[in-house]
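Colleague: Sequence:
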Amino acid sequence: MTTSDHIADVSTGTDTTPEGSDSAPYAEPRETTEGPVYTVSGGDWDDVLSDAGHDERMVINMGPQHPSTHGVLRLVLEMEGETVTQLRSVIGYLHTGIEKNCEYRTWTQGVTFVTRMDYLSPLFNEMGYCLAVEKLLELEVPRRAQLLRVLLMEINRIGSHFVYIATGGMELGATTAMTLGFREREEVLHLLEHLTGLRMNHAFIRPGGLAQDMPEDFVEKVTEFCKVMDERLPLYDKLFTGQPIWRNRLKGVGYLPLDACLALGITGPVLRSAGVAWDLRKTDPYSCYDEFDFEVPTSTDADCWARYLLRVEEMRQSVRIIRQVLEKLEPGPVMVEDRKVAWPAQLSVSSDGMGNSLDHVRKIMGQSMESLIHHFKLVTEGFRVPPGQVYSTVESPRGELGFHLVSDGGTRPARVHVREPSFVNLQAMPAMSEGGLVADVIAAVASIDPVMGGVDR
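With full-length UniProt numbering, the residue at position 400 of the sequence shown is 400, and numbering never jumps.
One thing to keep in mind: the hints can contain errors.
Derived DSSO-like pairs (lysine-lysine); straight-line CA-CA distance at most 27 Å [as the list claims (entries may be wrong)]:
#: 1; residue 1: K135; residue 2: K340
#: 2; residue 1: K340; residue 2: K100
#: 3; residue 1: K377; residue 2: K340
#: 4; residue 1: K328; residue 2: K100
#: 5; residue 1: K135; residue 2: K282
#: 6; residue 1: K377; residue 2: K100
#: 7; residue 1: K135; residue 2: K328
Source of the hints: derived by calculation from the structure; they are not laboratory data.
All of these numbers come straight from a predicted model, not from anything done at the bench.
Turn these sequences into a full structure, and let the hints guide you.
Modeller: Printed below as a string of structure tokens:
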């Protein structure tokens with residue numbers, strides 16, 4: 001029977017196949033050079049459409065080279081038209097083996113590895129790791145070191161949130177957000193370079209305290225930075241908070257209610273946007289945070305818009321904390337007195353830019369053989385940590401950053417495992433995006449603000 005003999009009247013749903021035909025309700029496919037051609041012969045056209053519905057879906061790879069996936073993140077989207085029906089996150093494109101590498105280095109050298117995980121908030125990585133080591137050693141860090149750690153972390157928090165606004169805005173088409181956000185972040189990096197010697201990956205927070213004290217003019221520099229932030233933060237309210245395009249792009253997008261946050265273990269601004277004031281600086285204070293007067297902003301909207309507002313407000317609260325640190329600071333040591341732990345010894349800026357103080361070098365090289373032996377063993381072999389395991393947390397810009405360290409009593413960790421907030425929060429992507437438009441996937445990723453260095457480690 002030819003195709004012309006076998007016609008389905010689509011408009012009426014009636015079959016006009018000649019009587020006596022022995023064909024099946026649906027004709028067999030006929031192969032052509034362009035692929036199979038089907039001749040519909042049944043009257044149940046609605047059933048045919050429902051069967052073919054799945055064929056309308058496309059599977060699309062977004063990333064890992066896509067400029068809007070917030071790093072080397074790959075999102076596998078199943079789409080029906082512009083609607084996302086299924087989403088899967090694929091990670092691992094930035095794996096560096098940091099946790100395993102820490103097991104082959106001394107406890108102090110581990111700082112230089114962990115600082116490179118979440119590269120937008122390196123000081124928080126160092127802080128979480130050092131708190132865990134100090135808990136195992138049962139060390140009490142000098143008060144000045146604790147306060148300076150808070151100062152550095154809050155400066156770092158401001159810089160991290162500026163990158164969220166800059167990259168999130170650029171991914172959504174607001175290029176002004178990118179230029180302004182990175183302009184402000186430069187202020188942060190310039191200040192951190194002045195205080196620690198490096199713009200990123202500082203390795204400045206060490207087990208027992210800090211690598212060295214602040215430069216002499218640091219109070220003026222930090223005060224000046226706070227004034228600049230006071231001037232520039234209101235600009236973001238003018239440019240973005242009150243702008244209808246930005247508001248419409250974020251409001252009601254990436255919705256993740258409280259029960260979903262709790263089920264997925266979400267922390268940080270995403271959890272606080274759902275109504276829970278869970279901030280480890282308040283709920284489980286560390287490093288003198290219980291002495292500071294600051295607010296934990298929350299919302300109940302649980303969408304991308306709420307997360308944006310919270311992060312802008314968190315930057316204002318960080319400026320408040322920084323000013324309070326400057327008021328509380330008093331002279332004192334920035335490293336524990338225990339010479340078996342205080343590594344490296346007596347760091348100060350010397351003629352070569354940075355290194356051991358000349359007095360210390362003179363002592364170990366020309367006056368005391370015991371001091372030289374001790375210095376050599378401490379640097380090459382490291383200090384011993386009593387056997388045990390510990391879990392220590394800090395509130396990073398992205399949520400709860402936890403370090404699980406295991407010691408077997410040696411000079412190296414037996415196991416290092418990190419509870420990285422970017423990794424955990426990325427679980428929320430399907431819940432935020434499925435059923436929404438593909439354009440809103442970008443807004444949802446940006447609102448989580450994942451850093452792939454921390455996700456993959």
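Colleague: Taking the hints in turn, state whether each one holds.
Modeller: Status of each hint after checking the structure:
1. K135 / K340: holds, 16 Å
2. K340 / K100: holds, 25 Å
3. K377 / K340: With Cα atoms ~10 Å apart, K377 and K340 stay inside 27 Å; holds.
4. K328 / K100: Roughly 39 Å between the alpha carbons, so the hint for K328 and K100 is violated.
5. K135 / K282: Given pair K135, K282 holds - Cα atoms ~19 Å apart, limit 27 Å.
6. K377 / K100: Answer holds: K377 to K100 is near 24 Å, not above 27 Å.
7. K135 / K328: It holds: about 24 Å lies between the C-alpha atoms, which stays within 27 Å.
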